[in-house]
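Peer 1: Heads up, the sequence shown is in this note's numbering, so the first residue is 25 and it goes up one at a time.
If you're looking for bench data, these hints aren't it; they were derived computationally from the structure.
Note that beta-carbon positions come from the ideal geometry of N, C-alpha and C, so glycine has one too.
You may find that some hints are simply not true.
What the hints assert, rightly or not - Below 16 Å or equal to it, Euclidean Cα-Cα: the simulated EDC-like pairs (lysine to aspartate or glutamate) are:
1) Lys102 / Glu144
2) Lys102 / Glu71
3) Lys193 / Asp207
4) Lys138 / Glu45
5) Lys193 / Asp105
6) Lys53 / Asp64
7) Lys138 / Asp44
8) Lys101 / Glu80
9) Lys193 / Asp179
10) Lys193 / Asp181
As the list claims (entries may be wrong) - DEER-style ranges, computed between Cβ atoms:
11) Asp235 / Asn108: 19 to 29 Å
12) Ala50 / Asp93: 34 to 44 Å
13) Asn266 / Leu54: 45 to 55 Å
14) Leu75 / Pro247: 38 to 48 Å
15) Thr68 / Glu217: 37 to 47 Å
16) Met90 / Asn266: 17 to 27 Å
17) Glu80 / Arg150: 31 to 41 Å
18) Leu54 / Ala269: 25 to 35 Å
19) Glu184 / Lys102: 32 to 42 Å
20) Val212 / Pro247: 16 to 26 Å
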Amino acid sequence: MTDQTAQAAQGCGRLLVVDDEQHLAAGLKLNFELEGHRVDVAGTGREAAELLLGAEPYDAIILDVMLPDTSGFSLCKKLRDAGNFTPVLMLTALGTTDDRVEGLEAGADDYLAKPFDLNELLARVRSLLRRQDWERTQTAEPTRGAYRFGTAEIDFDRREASADGVEVKLTRLEFELLRYFADNPERVLSRQELQEKVWKLANYPNSRMVDNFIMRLRRHFEPNPRSPIYFVSVRGAGYRFNPDARP
Numbered sequence: 025m026t027d028q029t030a031q032a033a034q035g036c037g038r039l040l041v042v043d044d045e046q047h048l049a050a051g052l053k054l055n056f057e058l059e060g061h062r063v064d065v066a067g068t069g070r071e072a073a074e075l076l077l078g079a080e081p082y083d084a085i086i087l088d089v090m091l092p093d094t095s096g097f098s099l100c101k102k103l104r105d106a107g108n109f110t111p112v113l114m115l116t117a118l119g120t121t122d123d124r125v126e127g128l129e130a131g132a133d134d135y136l137a138k139p140f141d142l143n144e145l146l147a148r149v150r151s152l153l154r155r156q157d158w159e160r161t162q163t164a165e166p167t168r169g170a171y172r173f174g175t176a177e178i179d180f181d182r183r184e185a186s187a188d189g190v191e192v193k194l195t196r197l198e199f200e201l202l203r204y205f206a207d208n209p210e211r212v213l214s215r216q217e218l219q220e221k222v223w224k225l226a227n228y229p230n231s232r233m234v235d236n237f238i239m240r241l242r243r244h245f246e247p248n249p250r251s252p253i254y255f256v257s258v259r260g261a262g263y264r265f266n267p268d269a270r271p
């Protein structure tokens, strides 16, 4: 068993904290280490990029939006474009809905506004690591290989997607959400179910997170995202995936 596998089995992992507020970064490092994690700290996007090029991968990244040499949004997007799908939890003093959506659009897995409760941050990181561990230990995935609906072509094995013949770059969570819809066509799925099955978050109050990800899938695959036919809202209940719908 490798050190990384052993850590995962214990619910611990290797974390990267990217924040230029030295006192905050030091406090986070201390608290994460008290929970058994190994932690590196970077104060700039450049330092973070150098650490991310190391041989040993990280299990999660805690990323501040406001960095002295770049934005966390930009750094997260570059990671995703480069094929790095390490879970990212964004921290920011910007708490508007637009800011949260921008973070999720950049490929972040979760988003927490400053000032935040330390216990909530620790819980969210634990949740990201549990999901990583769960995915590593999966021996079989429900939906494999090629999957098609409308003009979309999805390869769940290769994690490749296209629409109208044009490549679509999806984050890991977008693939998992799409996979869960593909496994449950025509069934109404509540936000709570999606959070539990896709995000592995039980009793989590932030249902807007699901809505934001549905909005992203619509932008990728719907002929008209404002009038969706595949990813349909069911008032008061959740969402239904209609793969056989016709424009």
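Peer 1: Sort out whether Asp179 lies within 16 Å of Lys193, counting only the CA atoms.
Peer 2: holds (12 Å)
Peer 1: Given the range 45 to 55 Å, decide if the beta-carbon distance of Asn266 to Leu54 lies inside it.
Peer 2: holds (49 Å)
Peer 1: Can you let me know if the beta-carbon spacing of Val212 and Pro247 is within 16 to 26 Å?
Peer 2: holds (22 Å)
Peer 1: Would the hint linking Lys53 and Asp64 be met if the CA-CA limit is 16 Å?
Peer 2: holds (8 Å)
Peer 1: Is the gap between the beta carbons of Thr68 and Glu217 within 37 to 47 Å?
Peer 2: holds (40 Å)
Peer 1: Go ahead and decide if the range 38 to 48 Å is satisfied by the Cβ distance of Leu75 to Pro247.
Peer 2: holds (42 Å)
Peer 1: Below or equal to 16 Å on CA atoms is what counts here, so check Lys102 against Glu144.
Peer 2: violated (27 Å)
Peer 1: Verify the CB-CB distance for Glu80 and Arg150 against the hinted window 31 to 41 Å.
Peer 2: Roughly 21 Å apart at Cβ, these two residues miss the hinted range, so it is violated.
Peer 1: Holds or violated: are the alpha carbons of Lys193 and Asp207 at most 16 Å from each other?
Peer 2: violated (21 Å)
Peer 1: Please check whether Leu54 and Ala269 have a Cβ separation lying inside 25 to 35 Å.
Peer 2: At roughly 52 Å between Cβ atoms, Ala269 and Leu54 fall outside 25 to 35 Å, so the hint is violated.
Peer 1: Between Asp235 and Asn108, does the beta-carbon spacing fit 19 to 29 Å?
Peer 2: holds (26 Å)
Peer 1: Take the C-alpha atoms of Lys138 and Glu45, compute the straight-line distance between them, and say whether it is at most 16 Å.
Peer 2: holds (12 Å)
Of the hints listed earlier, those the structure fails to meet are numbers 1, 3, 8, 12, 16, 17, 18 and 19, in rising order.
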